Amino acid sequence: MSPNSRKSLSSGQCDKCQCTLMQKDFALHDADCPPCTEKWDYSFVFNEILYSTVEVFESQELPKNISERELDDIVFISQSASQLCNIAIGSPVVIATKERLTVKQAWPYNANSLTSVSLMKHAIELNNIEGQVRVQSLKSNVRIAKEIVLSQQGKRLTFDIGVELDNILKCASEHKVFIVGDRISVPCYGKELIYKIVEIKADESEKKRTGTADVNDLAEAFEEVALTTDPTNVTFYKALYATKWTILSTADETETNVSRKYRLDDVGGYDALVSDIRDAVAIGIGRYKSVEHFNASRGILLYGPVGVGKSLIANAVISEHNVNAFTVYSSDIYSKSIGETEDRLKEVFSKASSNMPSIILLEDVDSLCPKTGVSSTNHERRMISQLITLFDDLQSNGKDVLVMATTAKLDLVDSSLRRPGRLDMEFEIYIPTPHARREILMKLLSKIPNTLSDENVQDVSFVTHGFVGADLYGLCSRAIMNAIKRQQRDKVASNDQPVVTMIDFNCALTTTKPSAMKEILIEVPNVKWSDIGGQKELKLKLQQAVEWPLRHPEVFVRMGITPPRGVLMFGPPGCSKTMIAKALATESKVNFINIKGPELFSKWVGESEKAVREVFRKARQVAPSIIFIDEIDALGSERRSSSDSGGTHVHERVLAQLLIELDGVTPLGNVTLVAATNRPDRIDKALLRPGRLDRVIYVGLPDEGTRQEIFNIKLRNMPVAEDVNITDLVCLTEGYTGAEIQAICHEAAMKALEENLNAVTVTKEHFSAAFKTVAPRTPISLIKIYEEYMNKNS
1 MSPNSRKSLS
11 SGQCDKCQCT
21 LMQKDFALHD
31 ADCPPCTEKW
41 DYSFVFNEIL
51 YSTVEVFESQ
61 ELPKNISERE
71 LDDIVFISQS
81 ASQLCNIAIG
91 SPVVIATKER
101 LTVKQAWPYN
111 ANSLTSVSLM
121 KHAIELNNIE
131 GQVRVQSLKS
141 NVRIAKEIVL
151 SQQGKRLTFD
161 IGVELDNILK
171 CASEHKVFIV
181 GDRISVPCYG
191 KELIYKIVEI
201 KADESEKKRT
211 GTADVNDLAE
221 AFEEVALTTD
231 PTNVTFYKAL
241 YATKWTILST
251 ADETETNVSR
261 KYRLDDVGGY
271 DALVSDIRDA
281 VAIGIGRYKS
291 VEHFNASRGI
301 LLYGPVGVGK
311 SLIANAVISE
321 HNVNAFTVYS
331 SDIYSKSIGE
341 TEDRLKEVFS
351 KASSNMPSII
361 LLEDVDSLCP
371 KTGVSSTNHE
381 RRMISQLITL
391 FDDLQSNGKD
401 VLVMATTAKL
411 DLVDSSLRRP
421 GRLDMEFEIY
431 IPTPHARREI
441 LMKLLSKIPN
451 TLSDENVQDV
461 SFVTHGFVGA
471 DLYGLCSRAI
481 MNAIKRQQRD
491 KVASNDQPVV
501 TMIDFNCALT
511 TTKPSAMKEI
521 LIEVPNVKWS
531 DIGGQKELKL
541 KLQQAVEWPL
551 RHPEVFVRMG
561 ITPPRGVLMF
571 GPPGCSKTMI
581 AKALATESKV
591 NFINIKGPEL
601 FSKWVGESEK
611 AVREVFRKAR
621 QVAPSIIFID
631 EIDALGSERR
641 SSSDSGGTHV
651 HERVLAQLLI
661 ELDGVTPLGN
671 VTLVAATNRP
681 DRIDKALLRP
691 GRLDRVIYVG
701 LPDEGTRQEI
711 FNIKLRNMPV
721 AEDVNITDLV
731 CLTEGYTGAE
741 IQAICHEAAM
751 KALEENLNAV
761 TVTKEHFSAA
771 FKTVAPRTPI
781 SLIKIYEEYM
791 NKNS
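Position 621 of the sequence shown, counting from 1, maps to 621 under full-length UniProt numbering, and the rest follow consecutively.
Please note that a few of the clues may not be correct.
Ranges of calculated distance between the beta carbons of each label pair, as one might list FRET restraints [said to hold, decoys possible]:
id: 1; residue 1: Ile484; residue 2: Gly705; range: 35 to 41 angstroms
id: 2; residue 1: Gly705; residue 2: Gly669; range: 33 to 39 angstroms
id: 3; residue 1: Gln23; residue 2: Ile484; range: 55 to 61 angstroms
id: 4; residue 1: Lys39; residue 2: Ser453; range: 17 to 23 angstroms
id: 5; residue 1: Tyr430; residue 2: Asp30; range: 45 to 51 angstroms
Bear in mind the hints are in silico, worked out from the structure with no lab data behind them. Computed from a predicted structure; not experimentally measured. Where a beta carbon is used, it is the ideal one built from N, C-alpha and C, also for glycine.
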């Protein structure tokens, strides 16, 4: 490596690859020579191309005689870089990011760095140019644009200024170079109008001279700019004053609104399902001519929870087939005027029929055409009738038009739309499995600078039970925020890009929860098995019921059995039943739903049963999960005879619903019910039979060994004097519950503070005083009830 004599820029050139870079990057370059031109860790100039990172131009020395609007079309590079890249002042240069290209005018200036690339802030935001960029001179043949078709982005003007706007576009864009997909900004009447170039038609004479065809196919134009960032594979066009500018109307934009931002490469975890959907779409749009006389069905319904990726998969499949797409949202076509909504829907189907092959995407079809019933409005009935008529017309005419619909509420879609010949091909976009979550995370992490290993990704995918694609996206967003905060806390240079680590993901996991759980999820204390003394048999049985099916499902298949569905813990108050359930959720890392028996009851008829159904529905949706019902005797108390109650008591209906959920037609899945009670003798026998709460565990008063462990746990953080003998304390607490032992330790510490607020130790006398205050409160009669219950059921 021999450095060149550029004192201000401190640059050098590599003797091996002739790459020019900054002196501070020599060490990095030695480990990567020649440098990677796809993703680089430092900036350099190689083969007359500048590889760098774009920055906001902040110099106060702006070029003279250039308006602020014209500055958006300029890229600022160092004078040395312009010489190395053979770029003349004011000449067009191509700026290429990972996703797209754009053309700017080069303007050399005295930069502090050889590899500096700067744009005005407005230009960066308008063209979405950020991160790593390649800058090189435009060497491709530039064709003359005969017509440029624009689509307006954002809000429109409420009045017509066609002629004036055309003159503004002509003057502002004359002699500029464009490609399909470029965005341009135009000032008009104090507002900034932003347009996107969706189509460019070449001059006829230019076409004859070059012997090439027009880019008249919009889909091909989009594909051209979306699939390559190589300037040699993209057609560039120069706008003249004679170039015609056409702005699409709202109806025309519906036809050309092909969603190219989604690709099948962005979809992870649903390979088999996406393959089936692709085949169904290919048949519906007439790609298989051998079956065109059969007139196959042309309706597909994608359903699944909110955020699972229905729209993403639909748009990715549509994009891959390269056909005209028409997306319909209920908010776009709804109108209060009678008949106008139906006319708009009919117009969409008419446009699709005249631009075959095409696909109509009905987003949230349940809100567009809700299920009709007695309470349905006339508008809803007309919409259903209109959509059915349009479906039947497509099917009878055999047109190459496919209708795709999405919904998160399958039961709200009218049954008349789901019969054969309409939306009869239904695909469930299910909540991703751990393997699918791993693939989704890999797709997301490929766009984030991170240090996660394959093992880290596997761990994250395993603990994110019930997360849909949107939740995983939110998890990564939260991890990025944590990385930025960590960088600020560590006072790292602000120009260094934050790198996401496993530490950031661990922090994100504590705050990001599945979207399906947000309505009923509570914060579970971080309780571990080590925080609970004794109860080894109980811990083992709970692990068998929850952790074994999750971590070792193959052993149950091998033995031909199903995992336990429910566990009932009973015993005196204060024996850590609730604490054990929370430790189980923490250790197994599954979703935890805490329900207190009485809170499910409602004075309104049917609401209590609905609450039980909703709890289990949410639990199935985010499985594997644990439903913990405390004081279940209030919920599942023994039913009375029919002569006494007539079957009208609310708790009886709630109990019946609970039995159905545990052992009904709908499978429970990876949902475990853990219940706790102080009075097992009051629970209905039907709830305790095998297949429901089939594991009944007695959580009795702690024995000597358990009390020893409890004292060790409670006193490990308490400054006790040497005269405090744990063995003596264990002997004195015969008949005490775990909660009462904890109360003794707490009371002893409070006695020490009562004597002296500056006390630093708790002595034996303090514990003796605590024993006088805290006495065992479990009556002998209650213990006898437990013994009789166990003898009766043994």
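Q) Within 45 to 51 angstroms or not, the Cβ separation of tyrosine 430 and aspartate 30? A) Hint holds: Cβ distance 50 angstroms, inside 45 to 51 angstroms.
Q: For the range 17 to 23 angstroms, tell me whether the beta carbons of lysine 39 and serine 453 fit it or not.
A: Holds, since lysine 39 and serine 453 (Cβ atoms, about 18 angstroms apart) stay within the stated range.
Q.
Please check whether glutamine 23 and isoleucine 484 have a Cβ separation lying inside 55 to 61 angstroms.
A. violated, 29 angstroms
Q.
Taking the Cβ atom of glycine 705 and the Cβ atom of glycine 669, is their distance within the range 33 to 39 angstroms?
A. holds, 38 angstroms
Q. Taking the CB of isoleucine 484 and the CB of glycine 705, does the distance hold inside 35 to 41 angstroms?
A. violated, 50 angstroms
When the structure is compared with the earlier hints, violations turn up for hints 1, 3 and for no others.
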